[in-house]
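A.B. asks: Chain by chain, the residues:
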Amino acid sequence: MTKSELIEALARQQPHLAIKDVELAVKCIIEKMNHALSTGDRIEIRGFGSFSLHMRPPRMGRNPKTGESVALAKKYVPHFKPGKELRDRVDSSADKYEITG
Amino acid sequence: MALTKADFAEKLFEELGLNKREAKDIVELFFEEIKTALERGEQVKLSGFGKFELRDKNSRPGRNPKTGEEIPITARRVVTFRSGQKLKARVEAYAGTES
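Residue numbers (this note's numbering), protein chains in the order written: chain S, 1 to 101; chain A, 1001 to 1099.
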């Protein structure tokens, strides 16, 4: 499923909303999630899961071209932990559906 | 404070002028639709954010960390998330507050 397929699916279920509004809403939700994570805020959606940042400590890396050592600063990466309902639903239907998309 | 569905609904109300009911419904449906797709085995790719992927894991030996007792971890399907380039870059730039 892609973003545009998600927008279509939501529009079908909310026929009183213009598809343009559904599209704006989806983009707005995604932008708010991006913004939250990039300012260090967690996101917690009950039954779906939570998004947070994991810290990667500073390390010595290597420039693969020159072999030269470079100091890499600590950084953060986004992390998603699926919620219980999502975990259970995905696992319990695993033998009914092949993985696609 | 972590963001919740209510914060997203509030944002839709403020920015798009959806009424509170519509805003709440669309946020609810947004996450429900992603769950339903994943339940059907469909991976979900939201450009500008990331991809929710599915993996079938074989069973493997595990251990109760408290008692040290061996217990098999059953085969299962799990969801993983890979953030997209844009999100990765924005998060990497986050300096962080020590906590």
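Because the hints were derived from the structure by calculation, they are not lab data.
All values derive from a computational prediction rather than experimental measurement.
There's no promise every hint is true.
Below are the EDC-like pairs computed for lysine to aspartate or glutamate, each with C-alpha atoms no more than 20 Å apart in a straight line [unchecked claim]: (1) S/K3 - A/E1028; (2) S/K32 - A/E1042; (3) S/K27 - A/E1032; (4) S/K81 - A/E1010; (5) A/K1024 - S/D21; (6) A/K1005 - A/E1042; (7) S/K84 - A/E1010; (8) A/K1086 - S/E31; (9) S/K32 - A/E1022; (10) A/K1051 - S/D91; (11) A/K1011 - A/E1032; (12) A/K1057 - S/E98; (13) S/K27 - A/E1015; (14) S/K27 - A/D1007; (15) A/K1020 - A/E1010; (16) S/K20 - A/E1033; (17) A/K1020 - S/D91; (18) S/K84 - A/E1022; (19) S/K32 - A/E1015; (20) S/K74 - A/E1010; (21) S/K96 - S/E85.
A.B. asks: If a hint holds in the structure, say so; if it doesn't, say that too.
C.D. replies: Comparing the hints with the structure gives:
For the given pair, S/K3 sits about 16 Å from A/E1028 by alpha-carbon distance, which is consistent with the 20 Å threshold. Note on S/K32 and A/E1042: the hinted pairing is violated, with a Cα-Cα distance of about 24 Å set against a maximum of 20 Å. For the given pair, S/K27 sits about 16 Å from A/E1032 by alpha-carbon distance, which is consistent with the 20 Å threshold. As the CA atoms of S/K81 and A/E1010 are separated by approximately 24 Å, the hinted pair breaks the 20 Å bound.
A distance of roughly 14 Å separates the Cα atoms of A/K1024 and S/D21; the hinted pair therefore holds under the 20 Å criterion. Distance restraint check for A/K1005 and A/E1042: the Cα-Cα separation of roughly 23 Å exceeds the 20 Å cut-off, and the hinted pair is therefore not satisfied. Between S/K84 and A/E1010 the alpha-carbon distance is near 25 Å, which puts this suggested pair outside the 20 Å criterion. For the given pair, A/K1086 sits about 11 Å from S/E31 by alpha-carbon distance, which is consistent with the 20 Å threshold.
For the hint linking S/K32 to A/E1022, the alpha-carbon distance of about 18 Å falls within 20 Å, and the restraint holds. Straight-line distance between C-alpha atoms of A/K1051 and S/D91 comes to about 18 Å, which keeps the hinted pair within the 20 Å bound. Between A/K1011 and A/E1032, the direct Cα distance comes to roughly 19 Å. Compliance with the 20 Å bound is thereby established for this hinted pair. A threshold of 20 Å between alpha carbons decides the hint, and for A/K1057 with S/E98 the separation of about 13 Å falls inside it, so the pair holds.
Our distance criterion of 20 Å between C-alpha atoms is met by S/K27 and A/E1015, whose separation comes to about 11 Å. Proximity of S/K27 to A/D1007 is assessed by CA-CA distance (about 15 Å); at most 20 Å being required, the pair is judged to hold. The suggested pairing of A/K1020 with A/E1010 holds, with an alpha-carbon distance near 7 Å, which does not exceed 20 Å. At roughly 18 Å between alpha-carbon atoms, S/K20 and A/E1033 fall within 20 Å of each other, so this suggested pair holds.
With a C-alpha separation of about 34 Å, the suggested pair A/K1020 and S/D91 falls outside the 20 Å cut-off, and the hint is violated. Under the criterion of a C-alpha separation no larger than 20 Å, the hint pairing S/K84 with A/E1022 is inconsistent with the structure, at around 26 Å. For the hint linking S/K32 to A/E1015, the alpha-carbon distance of about 11 Å falls within 20 Å, and the restraint holds. Our distance criterion of 20 Å between C-alpha atoms is broken by S/K74 and A/E1010, whose separation comes to about 34 Å.
Of the pairs offered as hints, the one joining S/K96 and S/E85 holds, with about 18 Å between alpha carbons and a cut-off of 20 Å not exceeded.
Hint compliance for this structure: hints 2, 4, 6, 7, 17, 18, 20 are not met, and every other hint is.
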